[in-house]
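Chemist: Listed here are the chains, written in short residue letters.
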Amino acid sequence: VTPAGALVLVVDDDPVFRGSMERFLRLAGYRARTFASAREMLEAPPEDGPACALVDLRMPGMDGLELQRELRRIGRPVEIVFLSGHGGVKATAQAMKGGAVDFLEKPFEESSLLEALERALARDAEARAEEAAAAEARARLDRLSPAEREVCRLLASGMRNKEIAAALGKAEGTVRVQHWTAMSKLGVSSPMEVARLIELAGE
Amino acid sequence: MNDRAASRAAPGGARGATPRRPIAAALGLFLASPAIASGGVAAAAPLPDAALPRGRNAIVLYQDTPNIPFIYALNEGLRRALRDVDGLTVYTEHLDLSRFPDPGYADGLRGWLRAKYAAVPVDVVLAAGPPAAAFATRPEPLWPGVPVIFFAVDERAADDLASVPGVTGLVHRSPIGETLELALRLLPDARRLAIIGGAAPTDRIWEGPLREEAAKLAGRVEVVELLGLPVPELTERLAALPRGTPIVGVSFLRDGAGRTWTGPELFSALEPSAPGPVFSVWDFLVGRGGAGGVVLDVGRLGEEAGRVARRILEGEAPGAVPVRRTGDPHPLLDGRILARWGIPGSRVPPDAEVLFRPRPAWVEYPRTALAIAAALLVQGALIAWLFLERRRRRLAEHAAGESQAAVAHSNRVASLGELAASLAHEINTPLASIVVSASSMRRLLGARPAPGDAELRESLSVIESEGRRAGEVIRRMRAVLRREPSTSGPVDLADVAREALALVQPRARQKGVEMTLEATPGLPPVEGDRVQLLQVALNLLLNALDAVAALPPERRRVAVGVSPDGDAVGLLVADAGEGLAPAARARLFEPFFTTKPAGLGMGLPIARSIVEAHGGRIWLEDAPAGAVLRVRLPAGRAVAAAARAVAP
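Sequence order for the protein chains is A and B.
Take the first sequence: its letter number 14 is residue 14 in this note's numbering, and every next letter is one higher.
Take the second sequence: its letter number 462 is residue 462 in this note's numbering, and every next letter is one higher.
Careful: at least some of the hints might be erroneous.
Chain B is faced by these chain A residues, among others (derived, beta-carbon under 10 Å) [stated by the list, open to error]: (1) Asp13; (2) Leu104; (3) Lys106; (4) Pro107.
Simulated from the structure, these hints should not be mistaken for laboratory data.
Even for Gly, the Cβ is constructed at its ideal location relative to N, Cα and C.
Pulled out of the complex, with its shape left as it was, chain B reads as follows (with noise of 0.2 Å):
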């Protein structure tokens, strides 16, 4: 303890702020050079400081560079832990040790380091991982009576550690096996699962456990292993995998050529080759390329060890700190690699955070070729039309509640009615010259009958029929566009419900749903405005369609219904999905309340305000499964009044 009480007789040297800025700036200057790799040793990382009458050192041994997102994400939390601490300075110090594993080198730094602190008083060392663990403490201690914590070492890795006198720390369990079902959760049909890794000595710390959790899949996956290659070998062996595949790691510093590895960089290596997404334990690669898995919140790591040093510092002796396991692995993933892979979200665990949720494809490239130019034109326009139509309802939405906005309103829907208008000139004339021409094919047949003829004769009227039935598609496109004054008169339900489910046709068959329309024929006509009413019915179909559209193809039905329902006249829109929750129920008709993803919460309360100016109920009926909502409509009774109060 000498040093210790030579160095407080120094303090201004040591620790005011003029002298030690031309040391910083030189660290500084230093490190920005290409050399920060030969030393690896970094900079003194003081914290804020001002005038402080008693000061205190730690020193944090980290055994990477700090441009590891690991080590960098460590650092952050320890920071934010003993950012308040009166009077301490931390100091930084990257071993390097991954890199550089010869045992002369630990030795030499050792030296160093302890000249380089020979007049700053040590009160705690941290050491982040496994080597650095060592490295401060054997084969005898850096800093002798110094408190040692370690920190960011996993369980399997900790052997003895702890029982080395004046040495606390904490210890995680990485959750490899839980990393390893989540991947096979979300990839059922997987027939293999490649595990990776580094050949850094910390990355062969990892091969151990993640072989002994993966044998455990024994029996439902082959397991591939890939372990300690060069990276071009390591694609190379991953795109022989057949699609689908999910790949683990745990650890990859090195490989096995010699070249170093972040985690960003290996995934951006790995994603053209790559047969599936990369899971992982650690929360940071989440964002930067990795697919998540079960994840360790490598800051709280930091954050935890910085308390344990907190209470060190207020004098709590080491032995009265025991080891302690942390973290918190939870599950959490990308959104958009999920999305990539086409792992539907019904597979991700209900406990899971999902970031980067990708918004559902409203606009969805229509898969299959058209066979005909028409058609082609017609799917143009509907994706055209959905996506007016979408905006012109968040349009609509919005203003709703921003009266001031109504004028502004009126005017951007003017103006899509304007380009539907175009859009609908644009369309038709082809339409008609195509529909014209296939007449004038079938008159020359008329004239010269020749085999092969019925054929031809079939198909000019397929190309004449279709061409009109695109037409009629751009026609109804336009009524709902249309943004007329609202208007009321004899309505039939059933040719609302009827023209609705044409409308979401296309996209139900895209999505391979099945929709089907019961109508009792010779119902009475209903009073209000048909475009407020086929709204109506749009909002409920559209909903029904998303509840079932991820599910099995089995329950992608949704049954629409039309009847006579006492002096009024009933719609009925069942889907076999999931149902909702009572909690849900109990709010599904309140504004912004929604339990779709990107949704807005407004389709079902505009619904009901429409229902309910045209003297009708809308309601959520208890169904054994899915979700049953009916609307009851009074029949042919004047509600004109009423309807052209609500603007849709």
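Pulled out of the complex, with its shape left as it was, chain A reads as follows (with noise of 0.2 Å):
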């Protein structure tokens, strides 16, 4: 994986050490953006490319775990490389729990620096691409009709379509019909592909 102008996001109260990481993401061909505290980086707007974080444990105010659970709260995904000052075994623990990347000890080194970032940018283009599926598998529910929706679901549970007719009272020839259109509507060509869209889509 190439940075390519990746984002990252540092977030650090100590600014010459801020100032040092945003000389050094850029010449390492990244994009770099800084934030004196946790507050700072939750009030700024969102990322949409792709972007990770390097989030101090211990800083004033908010600390690197309350932040870490905010952004899961408020359902703002960033993927984030711990730093710390002193590694405590119990605040490594919980920000592994708490879906770290990774967590480094200061200072470290150059290539478990990137090696760290890499991840969690490889981690960020996965989820990225896992919500641009879910979008597109949504997309193309939506362009069915309740019934051929209901068909579906059915289908995807493994039911034939005598089943699915018995079940909701219909003429199998009918269920037929909304199986075929539903079918071509979605751009698939078996019941085991509607169930991985429906899957996709997280309904």
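Put the two chains together into one complex; each comes in its own frame, and the hints tell you how they fit.
Modeler: Structure follows, in structure tokens:
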């Protein structure tokens, strides 16, 4: 994975460290935005391209773990690499449980930082791809009429046309037509693919 | 003897408490004024005399005023010996003969004293110092027929005092030669030695003996004579001497310009310019600015004179009490002054008493200027760590004996851990900035190749790797300070030894001690608490380090080994130090037994309790030289429960 202008958010209360990180990230091919506190980051407009965050664990006001929780609460998924001046076992465990990508103790090696960023961005890309796939699946499913949607739901659960007709109290012919129309609207050719689309859409 | 009978006839008047008080008070007032120096005749100093049936009187003549420490010390000793003699009144006269050597003054003073004590039946006269002894006996006895005891008289100055009938006394031999030898033993690299002395007649008495003893050093050092000079000139001449030149003096009551000096005054005047410690032969100068020497206990001189006086007061004839040599020369030194001049304890003779021994500097300031800020920070952190660690251990050791204090103790340790955490945070963030900035610079370099790049690249990688190393030190420090519950797991003893070595390495470098580690590769792990085992290794290494730190460089070596030992793993720490006396060997693992001046004696007992809790053994091995401590820990056995029972 090449950085290619991916955005790295740096959240640290130490201004010199922020400046050093910003320069380094730029030279390493990333874009960087720095924030002096968790609050500042939360108030900034959310990023829309590939991004991840380097967050100091210990900051005055809201600390790194609280920021992690807050981001999840407001549904703004950011992959986080935590930084710490003093690794505590408890804090590390908590951060990892909260879904952190990695935990680096200051001063860290350049290679471990780059490697952590790569993993964070890969996870971010994955999440973005998943999100895109879900959006696309939802858009496709939206093309169906309510009746076709119902038929697809039952198809996805493994029922045949006959069973669906019985379950819905419809004629088997009607179900067969709706089945066919739905498949062509969704652009799929088997009930298995229908099931996958529904799953992707998270419905 | 007529006057004696007469005064006995009116004892109440002479000795009753009530009538004398106004006199004493008047004298006190007189003495409190600056007139004290003009007369030099000081107060009667009566001992407790509540309603005595039978009173006797002693007069003590001191050559000098009581503000001179020598005289003060003599008087203290004398009073100790005479304190409980029933019915004795002691009158003390300070003749001030050193400052006023004029014979006319002495004659007048004699008449004055005779008049003063006309009504007092004198039973014994004590005369301190050669001039006072002469004053009391020559040209004729001051109080005819009254026994005279002289004391504080060097036998070199005693001449024929003892031949006068009715006169006895005590002489001593001032240990000048011994003091000169001691000075050279303590400063063996000195090329010169200065002898100093004052210009008063009493001072001049010592010039001969000083020169004579110093002459015996011919060939070993050049003796610089600085006798009878004004103090400003003396300081100038001393300042011109090379650093490390010992100074020896015996008497300095008055300088060449006629100014009077006491020992402490002189020491503080000389201190800024003195090229070395000032040695003397009097014990009371130690603690007042003198370095010490082979000294006489001046208080004892007074005390022994008091005892002779008692014998005479109890009826012995002065002729029956022969002149005796007294004083008990012994080496006595001021540890602070030894430290100031960098004199190691190994040069101090074993029989010497060292007062004010300075505590060994656990917290030594780094001498080398460090090239980059990161290293400076680390040094600071390390010093802080050493201090915290020592404090923590002390707290822990005390708490071991006081189970009630256990709760308070764990609180304190917890707060130290907190402190270490914020310290780590404060240091590691700038370190991270340094390392990251170095990485940035290296990237910039890559973009624009230019001459000198290789060196720049190398410097940057030093900054990066050293910054990380500094972070590593702090991480280890945290690991030691962190008080997490005792855990058990496989521990690589070689790893523990390496870590302990890394922790003491800065201290070892500072003391010039070479520490080596040899570990057999592929050792089986032992089962236990890593931090506790680290503490064992640290204790052993620090002991070994202290044992060799003061030795010559070629012996400042400590070897650490980790090797298989049957079905166990062995840790060995060997130093090239002095080793241990048999008595010390037997008590080595006893709590509170220590051979270090400021040791607490808990390091090895704690190490032993940890090792034993891990199912192992620790012992001192017989070695031809130095001390060899061995630890044997069983490999990979479950000793977790036992380890948990021990609190480090």
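Chemist: Looking back at the numbered hints, which does the structure fail to meet, lowest number first?
Modeler: Those not satisfied: there are none.
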